[in-house]
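Chemist: Residues per chain, in single letters:
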Amino acid sequence: MALTSVTYYSILFNNSNTIKLSKKTIFDKIWDNHVVCTLKGGTDVLYIDRHYIHEVTSPQAFEGLRLRGTGVFRPGRTTATADHNVPTKDQHLPLKDKLGREQLEKLEENCLEHGIMHFGLNTPYNGIVHVIGPELGITRPGMTIVCGDSHTSTHGAFGTIAFGIGTSEVEMVLASQAILQNRPGKMRINVEGIPGEGVTAKDMILHIISKVSTNGASGYFVEFAGSAIENLSMESRMAICNMSIEMGARGGIVAPDEVTFAYMKGRPYAPKGKDWDSALEFWKSLPTDNDAEFDMELFFKAKDVQPMVTWGTNPGMGTEITGKIPLERKIDCGSIASFRKALEYMNFSPGEKLEGKEIDYVFLGSCTNGRMEDFRAFASLVKGRRKSDRVTAWIVPGSKQVEKQCREEGITAILEEAGFEMRQPGCSACLAMNDDKVPEGKYAIATSNRNFEGRQGPGSRTILGSPLTAAAAAITGKLTDPRKI
Amino acid sequence: MPTEKLSTITSTCVPLPSENVDTDQIIPARYLKSISRKGFGRNLFRDWRYDNEGKIKKDFVLNDSRYSGSILVAGKNFGTGSSREHAAWAIKDYGFRVVVSSAFADIFCNNALNNGLLALEVTEKFLEDLFERISRDPSTEVRVDLKEQYISVLPVGVPEKFEISPFRKECLLNGYDNVDYLLSIRDKIAEYENFSR
Numbered sequence: 001m002a003l004t005s006v007t008y009y010s011i012l013f014n015n016s017n018t019i020k021l022s023k024k025t026i027f028d029k030i031w032d033n034h035v036v037c038t039l040k041g042g043t044d045v046l047y048i049d050r051h052y053i054h055e056v057t058s059p060q061a062f063e064g065l066r067l068r069g070t071g072v073f074r075p076g077r078t079t080a081t082a083d084h085n086v087p088t089k090d091q092h093l094p095l096k097d098k099l100g101r102e103q104l105e106k107l108e109e110n111c112l113e114h115g116i117m118h119f120g121l122n123t124p125y126n127g128i129v130h131v132i133g134p135e136l137g138i139t140r141p142g143m144t145i146v147c148g149d150s151h152t153s154t155h156g157a158f159g160t161i162a163f164g165i166g167t168s169e170v171e172m173v174l175a176s177q178a179i180l181q182n183r184p185g186k187m188r189i190n191v192e193g194i195p196g197e198g199v200t201a202k203d204m205i206l207h208i209i210s211k212v213s214t215n216g217a218s219g220y221f222v223e224f225a226g227s228a229i230e231n232l233s234m235e236s237r238m239a240i241c242n243m244s245i246e247m248g249a250r251g252g253i254v255a256p257d258e259v260t261f262a263y264m265k266g267r268p269y270a271p272k273g274k275d276w277d278s279a280l281e282f283w284k285s286l287p288t289d290n291d292a293e294f295d296m297e298l299f300f301k302a303k304d305v306q307p308m309v310t311w312g313t314n315p316g317m318g319t320e321i322t323g324k325i326p327l328e329r330k331i332d333c334g335s336i337a338s339f340r341k342a343l344e345y346m347n348f349s350p351g352e353k354l355e356g357k358e359i360d361y362v363f364l365g366s367c368t369n370g371r372m373e374d375f376r377a378f379a380s381l382v383k384g385r386r387k388s389d390r391v392t393a394w395i396v397p398g399s400k401q402v403e404k405q406c407r408e409e410g411i412t413a414i415l416e417e418a419g420f421e422m423r424q425p426g427c428s429a430c431l432a433m434n435d436d437k438v439p440e441g442k443y444a445i446a447t448s449n450r451n452f453e454g455r456q457g458p459g460s461r462t463i464l465g466s467p468l469t470a471a472a473a474a475i476t477g478k479l480t481d482p483r484k485i
Numbered sequence: 001m002p003t004e005k006l007s008t009i010t011s012t013c014v015p016l017p018s019e020n021v022d023t024d025q026i027i028p029a030r031y032l033k034s035i036s037r038k039g040f041g042r043n044l045f046r047d048w049r050y051d052n053e054g055k056i057k058k059d060f061v062l063n064d065s066r067y068s069g070s071i072l073v074a075g076k077n078f079g080t081g082s083s084r085e086h087a088a089w090a091i092k093d094y095g096f097r098v099v100v101s102s103a104f105a106d107i108f109c110n111n112a113l114n115n116g117l118l119a120l121e122v123t124e125k126f127l128e129d130l131f132e133r134i135s136r137d138p139s140t141e142v143r144v145d146l147k148e149q150y151i152s153v154l155p156v157g158v159p160e161k162f163e164i165s166p167f168r169k170e171c172l173l174n175g176y177d178n179v180d181y182l183l184s185i186r187d188k189i190a191e192y193e194n195f196s197r
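Just so you know, the protein sequences line up as chains A and B, in that order.
Mapping of the first sequence onto our numbering: position 386 corresponds to residue 386, and the numbering continues sequentially without gaps.
Mapping of the second sequence onto our numbering: position 60 corresponds to residue 60, and the numbering continues sequentially without gaps.
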């Protein structure tokens, strides 16, 4: 294959690693450590430590390699799973949907051909890519991580630079283990104090996005810091970093600490023995230096956060569950035209109370809230109660491991007793590529990450909330403050 | 694999003034089930173009015969949401070569540029004026000159400078392909693996 551009590009090289800041943020430390070289105009060739792939955004990239007559450069650094279009029932049967089946088969075939580790359907480690990576210890502090999925930001919870990429970039990583990126700006969001009872990490991030807006962090990589973040579990930190993309950020990051190390220890693919000791030493060097500078810094108080829900068609259109939809003259989440369009789609009115709105569907799951902590929270509220008859519920674990642990901890039994059915893992109703679609005009409360028009099916109306808020609605059949249950 | 080159374009525009147009609107997830890069244009803005029965929604701009051209003019924060490159593929496949907005989501912008689709960022003022001009006269033509980095409304509009990274600009002008480039520096990358880590 002729390399048409080689001559031109070689002129563009200049020496990298010229940026030597005395005080570095965790972002600087990791980024600088991964720059292979810098092109004229500041575009970096960034080395990628870990690449995750799934069935929907990878087939065209492998096809590209094939057309170029080349292979995967570092197959050991890519891990595959099937998650986006898998059914959440009867996974042992062949997929009814021909196109979906073709994508799964292609992934299997590509992984086999190129020697890539693949956690396919019906294998013990299968699940949503952003659930299994951390859960298996494949994601580690200090890494650069990419995946053809915007919620790759999730892995930032471990002190990694992790972000979503398109399929052309998937092809770049497969071909060279590197990617071309411009260095984003640096933002720090500090959350201090202790949140009230019934307030989860999901409420914290929905609160932040409602203030920052759906594109307020565009062009930035966001470090989350402060006592309220430090006090969070790894699973909660993942929920926060997961949704950093929903305010437009390139990604989110939390410095690794004892909570991180305790989570990592003993995971199937985490370093062991001597490797663990040297890894730990490296990880401890990562946190942002005192006095390191950010391009922008924001401050929040955990005590100001209440259980949150969205009322519009982007994640920035949210408010307290006890609150009201804003009045036109008070909106700060975009233009009046988009406010009106969103309310028309949702069939809501300005100034309306949210509590008490009837709910038809409940979705517990996704890479935002499909982990053990989320299932424990949901179960804690529905235990000894009954699912409302008006509600259809999709209870979808994030992975086979979560599904297994729910069974072992008795959570599955609690859910079943309350009238819920545990499904099988996958992205499911978050983006409704499979059969889990909310019908036109119906209202769903979802623990996932996007309330875009039609996201959960054509005409579906999505309200985002925490697992506790979803559980409260599942019991009462309407939007309910979980603290009142 | 070189892509189509892009330098100067003069065209009428298709206006889409909505803000925060997300990738689920550009191409809904249920139309991502393909293992090819082709054919996504027919489902571009699917749920805004067609109703649930597949009937054309007459009030949507792509179904409005007054508007056509290879330049899509969109409201602020275009392409927000998922990383699906299918969004860029769909826009290009439909026939657009340039998307003009006052802000783009980061991943969408990369995806567009990697496919020879110019995501052209202008000031809010310029965008507002452009929408007004187009709505007053749908036959309004716009000229985009990538080499000189300006956009102007014809016949007499004041040219507005736009920013683009020198690297991206060279790629678009010459149809360079980033994968080819990265393949050509595999040795350098291997060296990095050996010595820098």
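No lab work stands behind these hints, which were simulated from the structure alone.
Hints may be right or wrong, so weigh each one.
To be verified - Quick list of the computed label-pair ranges, beta carbon to beta carbon:
id: 1; chain 1: A; residue 1: Lys40; chain 2: B; residue 2: Gly54; range: 46 to 52 Å
id: 2; chain 1: B; residue 1: Pro159; chain 2: A; residue 2: Ile336; range: 40 to 46 Å
id: 3; chain 1: B; residue 1: Glu132; chain 2: A; residue 2: Pro271; range: 20 to 26 Å
id: 4; chain 1: B; residue 1: Lys58; chain 2: A; residue 2: Asp332; range: 29 to 35 Å
id: 5; chain 1: A; residue 1: Ser278; chain 2: B; residue 2: Arg42; range: 52 to 58 Å
id: 6; chain 1: A; residue 1: Gly69; chain 2: B; residue 2: Tyr50; range: 39 to 45 Å
id: 7; chain 1: B; residue 1: Tyr50; chain 2: A; residue 2: Asp332; range: 32 to 38 Å
id: 8; chain 1: A; residue 1: Lys484; chain 2: B; residue 2: Glu141; range: 40 to 46 Å
id: 9; chain 1: B; residue 1: Tyr150; chain 2: A; residue 2: Gly69; range: 55 to 61 Å
id: 10; chain 1: A; residue 1: Asp332; chain 2: B; residue 2: Gly54; range: 46 to 52 Å
id: 11; chain 1: B; residue 1: Glu141; chain 2: A; residue 2: His92; range: 54 to 60 Å
Model, not experiment: these values are computed from the prediction.
Just so it is clear, CB atoms sit at the ideal spot from N, CA and C, and this is done for glycine as well.
Chemist: Against the range 40 to 46 Å, how does the distance between the Cβ atoms of Lys484/A and Glu141/B compare: consistent or not?
Modeler: Between Lys484/A and Glu141/B, where Cβ atoms are some 60 Å apart, the hint is violated.
Chemist: Holds or violated: the 54 to 60 Å window for the beta-carbon distance between Glu141/B and His92/A?
Modeler: Taking Cβ atoms as reference, Glu141/B and His92/A lie about 59 Å apart, which means the hint holds.
Chemist: Against the range 52 to 58 Å, how does the distance between the Cβ atoms of Ser278/A and Arg42/B compare: consistent or not?
Modeler: Hint holds: Cβ distance 54 Å, inside 52 to 58 Å.
Chemist: Are Tyr150/B and Gly69/A spaced within 55 to 61 Å by their CB atoms?
Modeler: 40 Å, violated
Chemist: Do Gly69/A and Tyr50/B keep their Cβ atoms within the hinted range of 39 to 45 Å?
Modeler: Check passed, 40 Å falls within 39 to 45 Å.
Chemist: Do Lys58/B and Asp332/A keep their Cβ atoms within the hinted range of 29 to 35 Å?
Modeler: 34 Å, holds
Chemist: Do Tyr50/B and Asp332/A keep their Cβ atoms within the hinted range of 32 to 38 Å?
Modeler: 34 Å, holds
Chemist: Okay, Lys40/A versus Gly54/B on CB: inside 46 to 52 Å?
Modeler: Holds - the Cβ-Cβ distance for Lys40/A and Gly54/B, about 49 Å, lies within 46 to 52 Å.
Chemist: Given the range 46 to 52 Å, decide if the beta-carbon distance of Asp332/A to Gly54/B lies inside it.
Modeler: Once the Cβ atoms are compared, 38 Å apart, the range 46 to 52 Å for Gly54/B and Asp332/A is violated.
Chemist: Confirm or reject the claim that Pro159/B and Ile336/A have a C-beta distance inside 40 to 46 Å.
Modeler: 31 Å, violated
Chemist: A range of 20 to 26 Å was offered for this pair. Does it hold for the Cβ distance of Glu132/B and Pro271/A?
Modeler: 60 Å, violated
Consistency with the previously given hints fails for numbers 2, 3, 8, 9 and 10, ordered from lowest to highest.
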